[in-house]
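Spelled out from the first residue to the last, the chains are:
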Amino acid sequence: MLNPRYDIVNNYTVLHFDEWDILFAGRNANNEWIVGSLAYDDDENNVLHHYYLVVSEKSITHFLKREISYRALFQQAMTIFKTLRDINENLLEEQELSFQEISKKSLPSEKGFCPKSDEQEELLQRIPKRKMTFSNNWQVFKHSDIIQVEIQKKREVSFKKIKLLEKVLIVEISISINDV
Amino acid sequence: MTFDSLHADTDCDCLGEAFEDTEQIFARKISKPNLRIADFYSHWERNKKPSENICTEICKYKGISVNYWDDLTQQQVIDKYVNGLRLIDLSTQIVKDCILIFRFKSKMGSLKYSPTKLDSSHYTFFKSDTFDIQDIEIIDTIELKDYVKPKI
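Protein sequences, first through last, are from chains A and B. Mapping of the first sequence onto my numbering: residues 1 to 180, in sequence order. Mapping of the second sequence onto my numbering: residues 1 to 152, in sequence order.
Treat the hints loosely; a few may be bogus.
No farther apart than 30 Å at their CA atoms in a straight line, the calculated lysine-lysine pairs in the DSSO-like style are these [said to hold, decoys possible]:
no., chain 1, residue 1, chain 2, residue 2
1, A, LYS116, B, LYS145
2, A, LYS116, B, LYS107
3, B, LYS105, A, LYS111
4, B, LYS105, B, LYS49
5, B, LYS60, B, LYS105
6, A, LYS111, B, LYS96
7, B, LYS145, A, LYS82
8, B, LYS117, A, LYS116
9, B, LYS145, A, LYS111
10, B, LYS117, B, LYS96
11, B, LYS117, A, LYS65
12, B, LYS145, B, LYS117
13, A, LYS111, A, LYS129
14, A, LYS82, A, LYS105
15, B, LYS112, B, LYS48
16, B, LYS32, A, LYS105
17, B, LYS107, B, LYS145
18, B, LYS96, A, LYS82
19, A, LYS105, B, LYS145
20, B, LYS117, B, LYS32
21, B, LYS49, B, LYS96
22, B, LYS105, A, LYS116
23, A, LYS58, A, LYS111
24, B, LYS48, B, LYS107
25, B, LYS117, A, LYS58
If you're looking for bench data, these hints aren't it; they were derived computationally from the structure.
Okay, chain B solo, but in the shape it has when bound (with noise of 0.2 Å):
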């Protein structure tokens, strides 16, 4: 597997600790119920750039989030997707947000624990430069307007 896209334009190793994984779970908000390519772009594909250049900050806006998903973490996870939508503006095309459960297959990228506080199955994937977004072996799509439909 082989990472020369992501480390093109920088001298940073972001790759550090991580390792692949295609057995476990993992769960990401996508912005409708069809997986796009743009569901799975980084902060840096996106052309942002982080407001300070060290490495932690540059690997960090490379890297996409994703979360473990398991009977332990699940709750969390909606949660934490649940509270930022309802904070949100709720127009039409927000309330299409979904909560994708996936594997990733061989080859497609390394993944690295990068807990917070309050997001503590929280990793960032970092893409291989075989990465494709057809190769998603899709388990799940939640649909996350029913927790956040407005009362009106």
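This is chain A alone, in the form it adopts within the complex (with noise of 0.2 Å):
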């Protein structure tokens, strides 16, 4: 029986392999993305621990990207699920946790990054690009100083005298005000 909340049921991705599915990726019933990970292989009682992260899209890219460790990303993640299942991996037993009911003792290496690999690409490729936004695109609020910048000097002179990329930014921020 799957859980509609956690267990992924489309774009299944291993992203770290050693005898088990160590990292994996994908999208759950829901269509949301989920991040799970073999927290424990319980040889002496046959059972498999882990953990499964539902997790926004940027978060899921910024880790791909490798611009977050996978300890970054539980921090991040909407909502954690534990698992316990048998070695053929049908669930024992589940539990919803917060970040903060964690061991900090428990948690991934602060080193820990997803493994740059085919497979971490293509899942990459799969996830939908959005438009640069006011609030959530750095590169865009590095040069929003500049455009401030540009905009004061040039108050006084024609619009279109401001060089093109400035515009497309100036257009990108003033749609994003408008959005928020």
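Dock chain to chain to rebuild the complex, using the hints, since each chain is given by itself in its own frame.
Dropping the structure here:
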């Protein structure tokens, strides 16, 4: 029986493998992005402990681009599930957790990033590219100071004389502000 | 060397192109510094069955992953295990993981070269009927805890 909140039913991609799927990602039945990992292979009791993170499109993009660690992804997760499964991956127990409820000693290392692979690149390509917005793209912020200065400097000057790139960014920002 | 146990519950021949090697050095991740029988259990021996009942999958589940270990491959092997460990639960029990560096002795089993895109030194080992963990010639045990110790 699949849990629609965290079991992956679409775009299942293994991002790191070592006898088991150690790190994997895809979409759940609600079309949300899930990043899962094998937390512990308990070979004495023949059971597997997994984490499943429900994450935003923005967070999984940063994670796949190796801009944030797996530990940071835990912090950004909207919901965290921990499961216990038997050796054939039948569900035995499940638990919904907040980041604060997970012992720091049990969290992944700060040095743990998504390994580079063809699978990681292919999954990244499957995530729809979002238009830059004022709130979620630092490139716009980076350029916004320059644009403000240019606007001040060129207040008396015709809009036509502002460079094309700056025009694009001004339009982007004005659209984003209007969207907010 | 016989493999009756390996083939007892399948018609698949898992040993095509497999060979015995008692000269080269191999590596395998183990859960604790002291080698246990469970460290050399295959998925099949743990009663995990493949979702597809085809010989490639069945043989994969009946084999045990090891890596060829020399000056050229050892960093790639360490990276594989360390990258995996950094992604998992770092509770005290986990960081007891080690890399066992070893040789097989005569009649312990056969190896098949089974590289993947990211794991070019990967071999699958099939245990013979006389396999005994005590016969493994341990060369070194590398503790992985220092590679993944969390900063708290």
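Here is how each hint holds up against the structure:
At most 30 Å may separate the alpha-carbon atoms for a hinted pair to count; LYS116 (chain A) and LYS145 (chain B) meet this at roughly 23 Å. Our distance criterion of 30 Å between C-alpha atoms is broken by LYS116 (chain A) and LYS107 (chain B), whose separation comes to about 38 Å. Between the alpha carbons of LYS105 (chain B) and LYS111 (chain A) the distance comes to roughly 38 Å, so the proposed pair goes past 30 Å and is violated. For a cut-off of 30 Å, the pair hint linking LYS105 (chain B) to LYS49 (chain B) stands: about 29 Å separates their Cα positions.
A distance of roughly 22 Å separates the Cα atoms of LYS60 (chain B) and LYS105 (chain B); the hinted pair therefore holds under the 30 Å criterion. Of the supplied pair hints, the one linking LYS111 (chain A) and LYS96 (chain B) holds, its CA atoms being roughly 18 Å apart against a limit of 30 Å. A distance of roughly 23 Å separates the Cα atoms of LYS145 (chain B) and LYS82 (chain A); the hinted pair therefore holds under the 30 Å criterion. This hinted pair checks out: LYS117 (chain B) and LYS116 (chain A) have alpha carbons roughly 12 Å apart, not beyond 30 Å.
Taken as a hint, the LYS145 (chain B) and LYS111 (chain A) pair is honoured in the structure, with Cα atoms around 13 Å apart against an allowance of 30 Å. About 28 Å separates the Cα atoms of LYS117 (chain B) and LYS96 (chain B), which keeps this hinted pair within 30 Å; it holds. For the given pair, LYS117 (chain B) sits about 20 Å from LYS65 (chain A) by alpha-carbon distance, which is consistent with the 30 Å threshold. The hinted pair formed by LYS145 (chain B) and LYS117 (chain B) meets the criterion: a straight-line CA distance of about 27 Å does not exceed 30 Å.
In summary, the hint linking LYS111 (chain A) to LYS129 (chain A) is supported, as the alpha carbons are separated by about 27 Å, within the 30 Å threshold. Taking the CA atoms of LYS82 (chain A) and LYS105 (chain A), the gap is about 15 Å. The hint holds against a cut of 30 Å. At most 30 Å may separate the alpha-carbon atoms for a hinted pair to count; LYS112 (chain B) and LYS48 (chain B) meet this at roughly 21 Å. Proximity of LYS32 (chain B) to LYS105 (chain A) is assessed by CA-CA distance (about 18 Å); at most 30 Å being required, the pair is judged to hold.
Taking the CA atoms of LYS107 (chain B) and LYS145 (chain B), the gap is near 33 Å; set against the 30 Å cutoff, the hint is violated. Proposed proximity of LYS96 (chain B) and LYS82 (chain A) is supported: the alpha carbons are some 22 Å apart, at most 30 Å. Of the supplied pair hints, the one linking LYS105 (chain A) and LYS145 (chain B) holds, its CA atoms being roughly 13 Å apart against a limit of 30 Å. In summary, the hint linking LYS117 (chain B) to LYS32 (chain B) is supported, as the alpha carbons are separated by about 28 Å, within the 30 Å threshold.
Restraint check for LYS49 (chain B) and LYS96 (chain B): satisfied, since their Cα atoms lie roughly 28 Å apart, inside the 30 Å limit. Under the criterion of a C-alpha separation no larger than 30 Å, the hint pairing LYS105 (chain B) with LYS116 (chain A) is inconsistent with the structure, at around 36 Å. Among the hinted pairs, LYS58 (chain A) with LYS111 (chain A) is consistent with the structure: their alpha-carbon atoms are about 20 Å apart, no more than 30 Å. Taking the CA atoms of LYS48 (chain B) and LYS107 (chain B), the gap is near 26 Å; set against the 30 Å cutoff, the hint holds.
Distance restraint check for LYS117 (chain B) and LYS58 (chain A): the Cα-Cα separation of roughly 28 Å lies within the 30 Å cut-off, and the hinted pair is therefore satisfied.
Hint compliance for this structure: hints 2, 3, 17, 22 are not met, and every other hint is.
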